[in-house]
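Asker: One-letter residues, chain by chain:
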Amino acid sequence: MFKKVLVANRGEIAVRIIKACQELGVNTVAIYSDVDKKAPHVQLADESICLGDPTPIQSYLNIPKIIKVAREVGADAIHPGYGFLAENPDFAHSCNDISIKFIGPSFKVISLMGDKIEAKKTMEKAGIPVIPGYHGAKQDNKSLIEEGKKIGFPLLVKAAAGGGGKGMRIVHSEDRLNEAIDSAKRESKSAFGDDTVFLEKYLDKPRHIEFQILADEHGNIIHLFERECSIQRRHQKIIEETPSPVMTPQLRKKMGDTAVAVAKAVGYSNAGTVEFMIDKNLNFYFMEMNTRLQVEHPITEMTTGIDLAKWQLKIASGEKLTIKQKDIIQRGHAIECRIYAENPAKGFLPSTGTLEQVEVPTGPNIRDDSGIYTGMKITPYYDPMLAKIITYAENRDENINKMIWALSRYIIMGVTTNISFLKKVLEHEEFKKGNITTHFIDNYFKDRTVAKDRLPVDAIIALAVYDSMHKKSQEVVRYKEVDPHNPWKHVGRWRVSGQEEK
Amino acid sequence: MFKKVLVANRGEIAVRIIKACQELGVNTVAIYSDVDKKAPHVQLADESICLGDPTPIQSYLNIPKIIKVAREVGADAIHPGYGFLAENPDFAHSCNDISIKFIGPSFKVISLMGDKIEAKKTMEKAGIPVIPGYHGAKQDNKSLIEEGKKIGFPLLVKAAAGGGGKGMRIVHSEDRLNEAIDSAKRESKSAFGDDTVFLEKYLDKPRHIEFQILADEHGNIIHLFERECSIQRRHQKIIEETPSPVMTPQLRKKMGDTAVAVAKAVGYSNAGTVEFMIDKNLNFYFMEMNTRLQVEHPITEMTTGIDLAKWQLKIASGEKLTIKQKDIIQRGHAIECRIYAENPAKGFLPSTGTLEQVEVPTGPNIRDDSGIYTGMKITPYYDPMLAKIITYAENRDENINKMIWALSRYIIMGVTTNISFLKKVLEHEEFKKGNITTHFIDNYFKDRTVAKDRLPVDAIIALAVYDSMHKKSQEVVRYKEVDPHNPWKHVGRWRVSGQEEK
Amino acid sequence: MFINYEHENHVYNVTTTRRDNYYFITYDNTEYKVEAEEIKPGQLKIKIGDRIVKAIITEGKTEKYVFANGNVYKVKQVELTGRKKPKKKEQEDLSSPISGKVVNVKVKKGSIVKKDDVLMVIEAMKMEYLIRAPYNGTVKKVNFKENDQIEIGENTVELEKK
Amino acid sequence: MFINYEHENHVYNVTTTRRDNYYFITYDNTEYKVEAEEIKPGQLKIKIGDRIVKAIITEGKTEKYVFANGNVYKVKQVELTGRKKPKKKEQEDLSSPISGKVVNVKVKKGSIVKKDDVLMVIEAMKMEYLIRAPYNGTVKKVNFKENDQIEIGENTVELEKK
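Residue numbers (my numbering), protein chains in the order written: chain A, 1 to 502; chain B, 1 to 502; chain C, 1 to 162; chain D, 1 to 162.
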């Protein structure tokens, strides 16, 4: 096992990895930018190094700086988390060059899977079903429009280097295609430094179902069953669950075997995820492979009892997988909800500000993976995901109720969050029935910008009581003497605590 | 399912039960004594009723008062938790009388199992192996000493109505027997209102291993495997784990079948625990059956994925067990450590005071069941257990490390706790090897009163830095003017925060 | 005590009187008689008839947050005189919805645009936001250029309706 | 700055000087040069050479609690002059180890007792504590009777050594 691991990330995933390291007796080094000085991952790590400027390119994406730090602190491995440099082959290569183990697959595999076009071609050759589309080299708008017409509408424009919905556009008719190509290219260029796009058939009632795999460096590969990730907004997952309500034992076996075949086809090692699209007839197509730990990995951990982060460390340090496919049992039901600082009523617009109060639900089979704290400033520098809440129960119905219970006790004040929105999705009749597709939110929550919640009576009463408790009687008197015709003055003044009345 | 459940308990178990109810959509009523006004179970419940005087007999043990409250709030069921009235047949009977469902087995079964002598006789008749001993009616000291001599030493004096080590004495020689009988009788009288005792052979290298069962009201009974509870101090468990390091598949099957047979023999329903003693040759003997949820139930929940508290509610409301024995799988390894306000260096003497600071470790597969908060006063009225911390990992070795990690981040300031002691037990070579017996602590930690920890250098440096940061420079100056020969005056004054220097 | 609370552009007019151990709260022509206790700073336990309501209130710089019925609401206190009426903000909005960086400016002074044309692209938190024309018109002024930092609520473009 | 910390009857003599951004801490003839930062009130991050130490300090009424290396230590500050030396408490202790209720008094004035005889039984938190004679002797005075409330540290019995 490694002696010292540098964690090249921030937020909840950095916290998750540091804890996994520490439990295995591995020393940890956190890196952080100026705004993250007080962040939980910094507090938790055994050592921590400041990278300065919060701009990602100057800090968490700064390969030379991170490599330099890793050498200086004497790290023997780097864990990249997800996002940032997790799927950057240059970073993995740079680690190799200085004999620091990159905790992930080889940079060649990252490179191959990072190029969505090459990845699909490779998979097609290996006999894996892929979605009809254009993955060619002709990248001028005219050629792309021609190819798009061949595939037919609706279709997807996707960044070749993309992931997490970035650089992705859905186009319903020919006349919007040109603009979508421009926009996808621009976003892709800005996010990944590469503006290659490809086109793909858009499926009917599609579900996003992915399989978790673990592969060691000795050729052993297992899969840990599926995750249903169809609930998405802006092409980003917000609710994931396992098992999928649509899965059958036969389909699970077939897709699981395919996921293992995908990993085998490229000589994969590390934890990884093979993403599939499923249509309404349960035909499945390889979409892409994520060569890292996923945001939603905890639901697999809860249903299989296997610690994926620890296995990443064990595999990277050369250990063999001791778990056999037949020994892995999927048990009960797990859901993850991603809590974002965003306003669902305004098109999921990110919300910035200071977290005035944070309170987290606790209880058996409730897991909270978060990197936030009361007083934390949410800046526009990084992804607005604040936390992930994961629940487990014996079956799906019970678990949906459990998650609603937990979300109803998740208190974040100071920024607008999607917590109430997540509850509305979970409470939706079609969700409860398991009738979900990647269009679920567009289909059922189109009117979300209109239907704003009114302030409930209980909240009004609470405010009135609170203000009544905390007004300074002195102040009221003083105002009366000064200006008896303006009864509002004193209520404008608020106090932070009610100590005077105690 | 019930509409409204009154939880007749306090602390972590009341919290646990309230959450289980709420997840199932059941309204909850907490009861509390004056000192528990701000306790977590009170905050969490949908309603809460004050019972006044904190003395248990006036509050949590006050059957007429609790019954009255239950009627007034319109509860249709009462959950007794563990301890207090959980195994009091009169209470169960009183609930019956007013048609409020007591969440537990019938009062007849409670009564039978509560009488340890009758319980053993019943089990002997049903062909269940029991420990040699005297369970007779002759309760004068002379007769008991005679019987004790027949059994031989060491032997145990046990309260017939006892549980959790209360009213239990181990006697190594004849000359101590008289005093032990007196003391056990007195303690039993005070705790349970009954001073009947019995005598029992004390086994060689004994382990305490118990089996969890679930039985519905339709005759279905399953067991959920074992819990190894050998690590005890003052005959009370402090560390429990599952699976037991000594268990074999054959023995597990045999003991599990026996546990089910025990439950069947008495027509049991509800969650329950059959406690066995095992000797060094793996012979097992029925000890007693606990007719309630156990303190250590979470380790079974973590390894089986089954929610025992929810099943108690489902069973009591008449639902059938839907889980079959063959479907229950024991997975991974779970440990529970009980955190007590007590001083291991002074014979585990309870410690009272105010909790100045409480910080709980969090992370995947770490469960904290607690009923404490910063600012809480620990009074001598109730059991000094503050919290239970439970961890799960894929195997025992990893899990011991995980628990040590978690305990090293469990911060309770204001009372002396056994946290450091728990870590020492987990770190002990013989514990790591699984070589444990109920004498483990007596055998390996006899000198615990002598070997006091010295203050480590890191703590000294931290204190010095803190005091240096927080001294008022003003104060130092003032002192210099006043009394240049006494350099100590200013350091005696402490401040709560360092705002002046910011 | 009279207070007006503003939430999502809606104003709630509330009167509170404290008598003996009760609070009498009048809102929307209904009087609620409640008992209340502050368990911890900002944490209230309120008894409204048979119901127990738990609420948590935190004060921000210019707003309060109240947690009740499992949700968090952001509330402002407003004066009655009308001096501080909620703005009619939603209508024809060309202000930036977010603080971020201007990554693309599609128009210049004098540009003639059609409804829904993209005027400016703003990037924040790794996502793009498009400022679209709310009506056909002529650009009178462009307030930002590429790579400028833009704050939430700042006007992006001045657009004369055609 | 000079401070004496007392922990478990042992006194630790510490000198601290602050210069530039460093603290120089001398203890047991060793000087430690450290950098330190208070992350949150009472939460310290201390750099001692290459090592990072995290500590949490909370102040009680008459003592401090310090969390370091995964353990909590209770510490008092003592003055050097000797006026407040640690008590020789362990020796021949007949004081109550706990606050609780006296449930049984086994001796009366004039009783002759042997070492390890039980003198009094105190119950607290549902457990019993026995006060045993630390030596052979004669009871001079019994300070409590059955059902009395007794506080921690109060003397139970005065016992003259034989």
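For the record, the hints were derived by calculation from the structure and aren't laboratory data. Even glycine gets a Cβ: it sits at the ideal position worked out from N, Cα and C. Honestly, I wouldn't trust all of these hints.
Said to hold, decoys possible - Only pairs whose alpha carbons sit at most 30 Å apart, straight line, appear in this in silico DSSO-like list of lysine-lysine:
| # | chain 1 | residue 1 | chain 2 | residue 2 |
| --- | --- | --- | --- | --- |
| 1 | D | K47 | B | K346 |
| 2 | D | K76 | B | K346 |
| 3 | B | K424 | D | K161 |
| 4 | D | K61 | B | K38 |
| 5 | D | K74 | C | K40 |
| 6 | C | K115 | A | K446 |
| 7 | D | K161 | B | K38 |
| 8 | B | K424 | D | K76 |
| 9 | A | K38 | C | K61 |
| 10 | A | K65 | D | K76 |
| 11 | A | K37 | D | K54 |
| 12 | A | K38 | D | K114 |
| 13 | B | K346 | D | K161 |
| 14 | B | K423 | A | K4 |
| 15 | C | K45 | A | K423 |
| 16 | D | K114 | B | K424 |
| 17 | C | K115 | A | K423 |
| 18 | B | K446 | D | K115 |
| 19 | B | K433 | A | K324 |
| 20 | D | K145 | B | K149 |
| 21 | A | K324 | B | K324 |
| 22 | D | K33 | A | K4 |
| 23 | C | K40 | A | K423 |
| 24 | D | K76 | B | K423 |
| 25 | A | K424 | C | K74 |
| 26 | B | K346 | D | K54 |
| 27 | D | K54 | B | K142 |
| 28 | A | K423 | C | K47 |
| 29 | B | K433 | A | K433 |
To be verified - Negatives, chain A to chain C, calculated, CB over 10 Å:
| # | residue |
| --- | --- |
| 30 | D46 |
| 31 | I145 |
| 32 | I170 |
| 33 | I411 |
| 34 | Y444 |
| 35 | R454 |
| 36 | D458 |
| 37 | D467 |
To be verified - Beta-carbon label-pair distances, calculated as ranges:
| # | chain 1 | residue 1 | chain 2 | residue 2 | range |
| --- | --- | --- | --- | --- | --- |
| 38 | C | K114 | A | P129 | 35 to 45 Å |
| 39 | C | N29 | A | Y444 | 50 to 60 Å |
| 40 | C | K114 | A | E430 | 32 to 42 Å |
Asker: So, for every hint listed, does it hold in this structure?
Answerer: Evaluation of the provided hints:
1. D:K47 - B:K346: Between D:K47 and B:K346 the Cα gap is close to 35 Å, so the pair fails against 30 Å, i.e. violated.
2. D:K76 - B:K346: Satisfied, since the Cα-Cα distance of roughly 19 Å is no more than 30 Å.
3. B:K424 - D:K161: violated (38 Å)
4. D:K61 - B:K38: holds (21 Å)
5. D:K74 - C:K40: At roughly 27 Å apart (the allowed maximum being 30 Å), C:K40 and D:K74 satisfy the hint.
6. C:K115 - A:K446: Distance ~21 Å between C:K115 and A:K446 Cα, so the pair holds.
7. D:K161 - B:K38: Violated, at about 49 Å.
8. B:K424 - D:K76: Given that 30 Å is the threshold and the Cα spacing comes to 25 Å, the pair holds.
9. A:K38 - C:K61: Roughly 21 Å separates the two Cα atoms, so the pair holds.
10. A:K65 - D:K76: violated (45 Å)
11. A:K37 - D:K54: Within the cut-off at roughly 15 Å; holds.
12. A:K38 - D:K114: Violated, at roughly 62 Å.
13. B:K346 - D:K161: holds (24 Å)
14. B:K423 - A:K4: holds (24 Å)
15. C:K45 - A:K423: holds (24 Å)
16. D:K114 - B:K424: violated (36 Å)
17. C:K115 - A:K423: violated (35 Å)
18. B:K446 - D:K115: Distance of about 21 Å is within 30 Å: holds.
19. B:K433 - A:K324: holds (26 Å)
20. D:K145 - B:K149: Answer violated: D:K145 to B:K149 is near 35 Å, above 30 Å.
21. A:K324 - B:K324: OK: A:K324 and B:K324 at ~25 Å, within 30 Å.
22. D:K33 - A:K4: Distance of about 25 Å is within 30 Å: holds.
23. C:K40 - A:K423: Distance of about 27 Å is within 30 Å: holds.
24. D:K76 - B:K423: holds (25 Å)
25. A:K424 - C:K74: The hint holds at about 19 Å.
26. B:K346 - D:K54: holds (29 Å)
27. D:K54 - B:K142: Not OK: D:K54 and B:K142 at ~60 Å, beyond 30 Å, violated.
28. A:K423 - C:K47: Since the Cα atoms of A:K423 and C:K47 sit roughly 26 Å apart, the hinted pair holds (cutoff 30 Å).
29. B:K433 - A:K433: Answer violated: B:K433 to A:K433 is near 49 Å, above 30 Å.
30. D46: Given a closest Cβ separation of 30 Å, the condition holds.
31. I145: holds (19 Å)
32. I170: holds (15 Å)
33. I411: Violated: least Cβ distance 5 Å, not greater than 10 Å.
34. Y444: holds (19 Å)
35. R454: Violated: least Cβ distance 7 Å, not greater than 10 Å.
36. D458: violated (4 Å)
37. D467: violated (6 Å)
38. C:K114 - A:P129: 35 to 45 Å: At 43 Å between Cβs, range holds.
39. C:N29 - A:Y444: 50 to 60 Å: Taking Cβ atoms as reference, C:N29 and A:Y444 lie about 35 Å apart, which means the hint is violated.
40. C:K114 - A:E430: 32 to 42 Å: holds (37 Å)
Checked against the numbered hints above, the structure breaks hints 1, 3, 7, 10, 12, 16, 17, 20, 27, 29, 33, 35, 36, 37 and 39 and satisfies the rest.
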